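4 protein chains.
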Amino acid sequence: MTYKYPSAAELGALAASDFVAAVGPVYEKSPWIAERAHAKAAPFDSLTAIDDALWSVVSTASEDEQLALLREHPDLAGKAALAGDLTAESTDEQQRAGLSALSPTEMAEFTALNGAYTTKFGFPFILAVRNASKRIILGSFRRRVGNARGVEMAECLAQVRKIAWMRLRLLAPPAPTGKLTCHVLDTAHGCPAAGLPITLRYLGGTASASAEPVLIGHFMTNSDGRLDGPALSGSAFEEGVYEWVFAVGEYFAVRGTTASGTPFLDQVPLRFGIDNAEKHYHVPLLCSPWAYSTYRGS
Amino acid sequence: MTYKYPSAAELGALAASDFVAAVGPVYEKSPWIAERAHAKAAPFDSLTAIDDALWSVVSTASEDEQLALLREHPDLAGKAALAGDLTAESTDEQQRAGLSALSPTEMAEFTALNGAYTTKFGFPFILAVRNASKRIILGSFRRRVGNARGVEMAECLAQVRKIAWMRLRLLAPPAPTGKLTCHVLDTAHGCPAAGLPITLRYLGGTASASAEPVLIGHFMTNSDGRLDGPALSGSAFEEGVYEWVFAVGEYFAVRGTTASGTPFLDQVPLRFGIDNAEKHYHVPLLCSPWAYSTYRGS
Amino acid sequence: MTYKYPSAAELGALAASDFVAAVGPVYEKSPWIAERAHAKAAPFDSLTAIDDALWSVVSTASEDEQLALLREHPDLAGKAALAGDLTAESTDEQQRAGLSALSPTEMAEFTALNGAYTTKFGFPFILAVRNASKRIILGSFRRRVGNARGVEMAECLAQVRKIAWMRLRLLAPPAPTGKLTCHVLDTAHGCPAAGLPITLRYLGGTASASAEPVLIGHFMTNSDGRLDGPALSGSAFEEGVYEWVFAVGEYFAVRGTTASGTPFLDQVPLRFGIDNAEKHYHVPLLCSPWAYSTYRGS
Amino acid sequence: MTYKYPSAAELGALAASDFVAAVGPVYEKSPWIAERAHAKAAPFDSLTAIDDALWSVVSTASEDEQLALLREHPDLAGKAALAGDLTAESTDEQQRAGLSALSPTEMAEFTALNGAYTTKFGFPFILAVRNASKRIILGSFRRRVGNARGVEMAECLAQVRKIAWMRLRLLAPPAPTGKLTCHVLDTAHGCPAAGLPITLRYLGGTASASAEPVLIGHFMTNSDGRLDGPALSGSAFEEGVYEWVFAVGEYFAVRGTTASGTPFLDQVPLRFGIDNAEKHYHVPLLCSPWAYSTYRGS
Numbered sequence: 001m002t003y004k005y006p007s008a009a010e011l012g013a014l015a016a017s018d019f020v021a022a023v024g025p026v027y028e029k030s031p032w033i034a035e036r037a038h039a040k041a042a043p044f045d046s047l048t049a050i051d052d053a054l055w056s057v058v059s060t061a062s063e064d065e066q067l068a069l070l071r072e073h074p075d076l077a078g079k080a081a082l083a084g085d086l087t088a089e090s091t092d093e094q095q096r097a098g099l100s101a102l103s104p105t106e107m108a109e110f111t112a113l114n115g116a117y118t119t120k121f122g123f124p125f126i127l128a129v130r131n132a133s134k135r136i137i138l139g140s141f142r143r144r145v146g147n148a149r150g151v152e153m154a155e156c157l158a159q160v161r162k163i164a165w166m167r168l169r170l171l172a173p174p175a176p177t178g179k180l181t182c183h184v185l186d187t188a189h190g191c192p193a194a195g196l197p198i199t200l201r202y203l204g205g206t207a208s209a210s211a212e213p214v215l216i217g218h219f220m221t222n223s224d225g226r227l228d229g230p231a232l233s234g235s236a237f238e239e240g241v242y243e244w245v246f247a248v249g250e251y252f253a254v255r256g257t258t259a260s261g262t263p264f265l266d267q268v269p270l271r272f273g274i275d276n277a278e279k280h281y282h283v284p285l286l287c288s289p290w291a292y293s294t295y296r297g298s
Numbered sequence: 001m002t003y004k005y006p007s008a009a010e011l012g013a014l015a016a017s018d019f020v021a022a023v024g025p026v027y028e029k030s031p032w033i034a035e036r037a038h039a040k041a042a043p044f045d046s047l048t049a050i051d052d053a054l055w056s057v058v059s060t061a062s063e064d065e066q067l068a069l070l071r072e073h074p075d076l077a078g079k080a081a082l083a084g085d086l087t088a089e090s091t092d093e094q095q096r097a098g099l100s101a102l103s104p105t106e107m108a109e110f111t112a113l114n115g116a117y118t119t120k121f122g123f124p125f126i127l128a129v130r131n132a133s134k135r136i137i138l139g140s141f142r143r144r145v146g147n148a149r150g151v152e153m154a155e156c157l158a159q160v161r162k163i164a165w166m167r168l169r170l171l172a173p174p175a176p177t178g179k180l181t182c183h184v185l186d187t188a189h190g191c192p193a194a195g196l197p198i199t200l201r202y203l204g205g206t207a208s209a210s211a212e213p214v215l216i217g218h219f220m221t222n223s224d225g226r227l228d229g230p231a232l233s234g235s236a237f238e239e240g241v242y243e244w245v246f247a248v249g250e251y252f253a254v255r256g257t258t259a260s261g262t263p264f265l266d267q268v269p270l271r272f273g274i275d276n277a278e279k280h281y282h283v284p285l286l287c288s289p290w291a292y293s294t295y296r297g298s
Numbered sequence: 001m002t003y004k005y006p007s008a009a010e011l012g013a014l015a016a017s018d019f020v021a022a023v024g025p026v027y028e029k030s031p032w033i034a035e036r037a038h039a040k041a042a043p044f045d046s047l048t049a050i051d052d053a054l055w056s057v058v059s060t061a062s063e064d065e066q067l068a069l070l071r072e073h074p075d076l077a078g079k080a081a082l083a084g085d086l087t088a089e090s091t092d093e094q095q096r097a098g099l100s101a102l103s104p105t106e107m108a109e110f111t112a113l114n115g116a117y118t119t120k121f122g123f124p125f126i127l128a129v130r131n132a133s134k135r136i137i138l139g140s141f142r143r144r145v146g147n148a149r150g151v152e153m154a155e156c157l158a159q160v161r162k163i164a165w166m167r168l169r170l171l172a173p174p175a176p177t178g179k180l181t182c183h184v185l186d187t188a189h190g191c192p193a194a195g196l197p198i199t200l201r202y203l204g205g206t207a208s209a210s211a212e213p214v215l216i217g218h219f220m221t222n223s224d225g226r227l228d229g230p231a232l233s234g235s236a237f238e239e240g241v242y243e244w245v246f247a248v249g250e251y252f253a254v255r256g257t258t259a260s261g262t263p264f265l266d267q268v269p270l271r272f273g274i275d276n277a278e279k280h281y282h283v284p285l286l287c288s289p290w291a292y293s294t295y296r297g298s
Numbered sequence: 001m002t003y004k005y006p007s008a009a010e011l012g013a014l015a016a017s018d019f020v021a022a023v024g025p026v027y028e029k030s031p032w033i034a035e036r037a038h039a040k041a042a043p044f045d046s047l048t049a050i051d052d053a054l055w056s057v058v059s060t061a062s063e064d065e066q067l068a069l070l071r072e073h074p075d076l077a078g079k080a081a082l083a084g085d086l087t088a089e090s091t092d093e094q095q096r097a098g099l100s101a102l103s104p105t106e107m108a109e110f111t112a113l114n115g116a117y118t119t120k121f122g123f124p125f126i127l128a129v130r131n132a133s134k135r136i137i138l139g140s141f142r143r144r145v146g147n148a149r150g151v152e153m154a155e156c157l158a159q160v161r162k163i164a165w166m167r168l169r170l171l172a173p174p175a176p177t178g179k180l181t182c183h184v185l186d187t188a189h190g191c192p193a194a195g196l197p198i199t200l201r202y203l204g205g206t207a208s209a210s211a212e213p214v215l216i217g218h219f220m221t222n223s224d225g226r227l228d229g230p231a232l233s234g235s236a237f238e239e240g241v242y243e244w245v246f247a248v249g250e251y252f253a254v255r256g257t258t259a260s261g262t263p264f265l266d267q268v269p270l271r272f273g274i275d276n277a278e279k280h281y282h283v284p285l286l287c288s289p290w291a292y293s294t295y296r297g298s
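Taken in sequence, the protein lines are chains A, B, C and D.
If you use our numbering, the first sequence corresponds to residues 1 to 298, in order.
If you use our numbering, the second sequence corresponds to residues 1 to 298, in order.
If you use our numbering, the third sequence corresponds to residues 1 to 298, in order.
If you use our numbering, the fourth sequence corresponds to residues 1 to 298, in order.
No lab work stands behind these hints, which were simulated from the structure alone.
Incorrect hints may appear among the rest.
Since copy identity is lost for identical chains, a pair holds within one copy or between any two.
EDC-like mimics (lysine to aspartate or glutamate), calculated; alpha carbons at most 20 Å apart, straight line [to be verified]: (1) Lys4 x Glu212; (2) Lys279 x Asp224; (3) Lys120 x Asp275; (4) Lys4 x Asp64; (5) Lys120 x Glu63; (6) Lys162 x Glu109; (7) Lys162 x Glu243; (8) Lys120 x Glu35.
Because the structure is a prediction, the values reported are computed rather than measured.
Put together the whole structure using the sequences plus the hints.
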């Protein structure tokens, strides 16, 4: 992936007018958000810091300003899209979600839902569609049109922030502060799972990526059940979808658990998404030969 | 897969001499086990019942008989294998585990370990190798040669039972009593996860199978978070390795959890092995947008 | 506990005027809610059905009606409380939460927060305080005053529903449709935990109850790891706080796990609250000698 | 508790004859174990180091020596106990387990089991009974008498080690290397649970202790969901049974989860035993408003 700016820090250090030109579009047709954020808190050393500053402006803006922001957004699969009248960012997002290729029935439902929603609430339905399927989008649309206005206003603002984050991270690589770590506990014996082989693969930028998985590396847990360092860190750590595969069957076989011939757990995959590569993701495994769990740790 | 006997029940209903001819070889060169089991408990209506009866004979046999059984087993990667002197079953098992293609260094270690083990314990090292890798076998061998004799005798008997089970299930299809069920709980909201799409695939007869996954079906959880019936049952339920994939990201997106653009959990795979297709395997998922667990349930 | 009505069904079968007299006050000074619910859906066979019908009226009311409902609520620890001007229900709730005995500092903070909140949003801060401590109330107040108006309006309506539910269940005993069930899985061995002793106690109507625990019964899991029937059901199943204690140490000791002299897990307590005794609560335990988990199941 | 030796290090630094006099009795009438351990590895800086050295001698002794060790043990509730002929250590252990107060029926079963077991295996049934109930002891006895001899020999040796450890830790306080730590993860939001109040109590030296719980302290999780240091460490960290209570209900209430009036999870107790106070026990909580899990971590 190529970026317009070589680092998050250089993007965050731009002078006001350049900053607004670069970052302004992440909030749809609302450059005032980038202007205020820059005035209040520049420079920024990470994408996360820029995102936080922008969101701080939005969440403390007046209700009228928030409504104005929402109203700058186009309908999903609406007239503006048909007419080719969207911003470049919106066009790309709607195409990726399959909204540029709807059947007549789907188009009719979108039109009806857009109408009902805007009439009820006074602002358009907003959903961060970059990684969503038509099915998720329609399901969400049908549910949300029944919500109370206050709930929907809060939901739309949260979606607008998600859209802004996804646009922001296309501008520059993340600051090299993130990392991916692991830990394996053997819950059958109450100890770290030492000597357990792990493979890590990158499955692509989104969950639905059809690209071939990329092998990142083979690892072995140490005596504390951890890797000797992060599996990924700094500029090698990118957003996207990853998968650990833990050789749980081998671990328990060597440690003397007489499993069946086809063990219940053998190669255990954990698939997880990294949304902000400037953060620490700790993704551990707790396992016995018959049960396991995982979670986003810290 | 083709079987010599059309059903577990027909195998289990054979007259004594036929039963011993068919089932005798599952315990290496020890037909007395099948003889006694038949005399005591025939007929049998399932592979599980045959396995239980055979094991009951072994576990209540005298210590001398148990030792004799162990001593009928060949060394792993030993002289008998080199000389082509193994039973058909042992040859197949050792080849599948890669023991017919050892490097000189590996061969030397096997020879040394075989010698040390037999000298120390008076019986050969036994491991059910059908699905094991050289790495698991060597790791297990190095560890177990340091055990106490009583522990090793018990371990070898347990391995012999595993070998017997894996041989037994090649003789006839399992009785149609098994099934695979599922349940999904939403631990973020404390309720069944209704309307969650699930895909089930068969990955092959062993964990290391390189064959293409076979799609078994697409499912959707009902209002209790369950499938409307077993995902597999009766003769359609075979031993081997399976994988559920749960559309957790879609479930939470539609239900109003504002996840990040690349959700931490989206497509969640659970990969598990079925060793005895005559049993009920309940393989549930407990999940929030940030954590999940699974276990062999009942 | 004594109730004014002998059963949820009798309460739910009252004629319109009696129903509004009885149920009207569960939504503060807003009898129109009970009127509309009765007109639309009476009779009701359970407290849950009444609660659902009332909430359906509230959630589909106009924004002006919803605001009017919110504005009927008194300030927490406000002037009306000092003047003895609250409804009987509000007085009782605020006293239970300790709001009738505030220090001058606490009173000053409440007054300031009440003022800031009402000025910002145009309706009073609402929190279902029956079981809350001053600490929870103040923490929640400080956080929520910073929210957006739409979020707060939705939050207040949700709190109003909670208050209504807590008032409603004081009127009549729950319909005898609820039950409490259990299941114990042994995750070290991948099987139901059979023969595990369990004790159930009732800890009182609220988490902070200082009353002595009441022994409800001793149970033993069956071969499927379950109790032979519900631990509690029908009229014996009351809202409040319960505690299972599982004899996990004994279970694993008898099953041959050589634990340490003081096992890591021995008597495992699970403490949980029942808010709606008309529902099914399935509260299972998944455990190894070194790890366990529980969840609200179904 | 008063100890004969002021520290594990002083006990571990004794000259050979004093060491054997002090430590010899931890393995029943078998001072040769302490002699060899001292000769091979003294001095020792912890009880754990002494235990490891003693066990290394036992596990590498000849089968005849191991059998001799087992045969030094008295029958449980046997003739030697009736005649007052036990070592002081055995008398104390059998009394604590209630074996000095058996009914005639219980005594008859013990006598029968002792006879059957010794006849079958050639050594007495051994179980570390210090913290066990009659029920656990009988359940274990009935099961184990059916085992194979090798399995029982290994089990008895493991029990002998447990007995030795429990005796050893009566001689001197543990080395101050242990500690107790905690971590709370919010699995509903995928983040550390910051600002969650925790209480720690000491419930006594054994699980069945009837003494009043002793409050050790109140804690609050920091921004990483951890305590700022160990909850207990060094000489303050004693073996025995402890209980965390986590204010999960308060945590989620303040963070904006609209729970029900009686939350499903409010005060969450985790009760756990510390068997070796020289080790690090990490006892975390992973929780949502509807589910939680814990495990012995590292």
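Here is what the structure says about each hint:
1. Taking the shortest alpha-carbon separations for Lys4 and Glu212, neither the intra-copy value of 27 Å nor the inter-copy value of 41 Å comes in at or below 20 Å.
2. Taking the closest pair of Cα atoms, Lys279 and Asp224 come within 20 Å of each other only across two copies (13 Å); inside a single copy the shortest separation is 23 Å, beyond that limit.
3. Taking identical chains as interchangeable, the C-alpha atoms of Lys120 and Asp275 are never at most 20 Å apart, the minima being 33 Å within one chain and 34 Å between chains.
4. Neither within a single protomer nor between protomers do Lys4 and Asp64 lie at most 20 Å apart by alpha-carbon distance, with minima of 33 Å and 49 Å respectively.
5. Within a single copy, Lys120 and Glu63 get their C-alpha atoms as close as 17 Å, and across copies as close as 11 Å, so both meet the 20 Å cut-off.
6. For a Cα distance limit of 20 Å, the shortest separation of Lys162 from Glu109 qualifies neither inside one copy, at 25 Å, nor across copies, at 35 Å.
7. In this assembly of identical chains, the alpha carbons of Lys162 and Glu243 never lie at most 20 Å apart, being 23 Å within a copy and 32 Å across copies at closest.
8. Taking identical chains as interchangeable, the C-alpha atoms of Lys120 and Glu35 are never at most 20 Å apart, the minima being 32 Å within one chain and 26 Å between chains.
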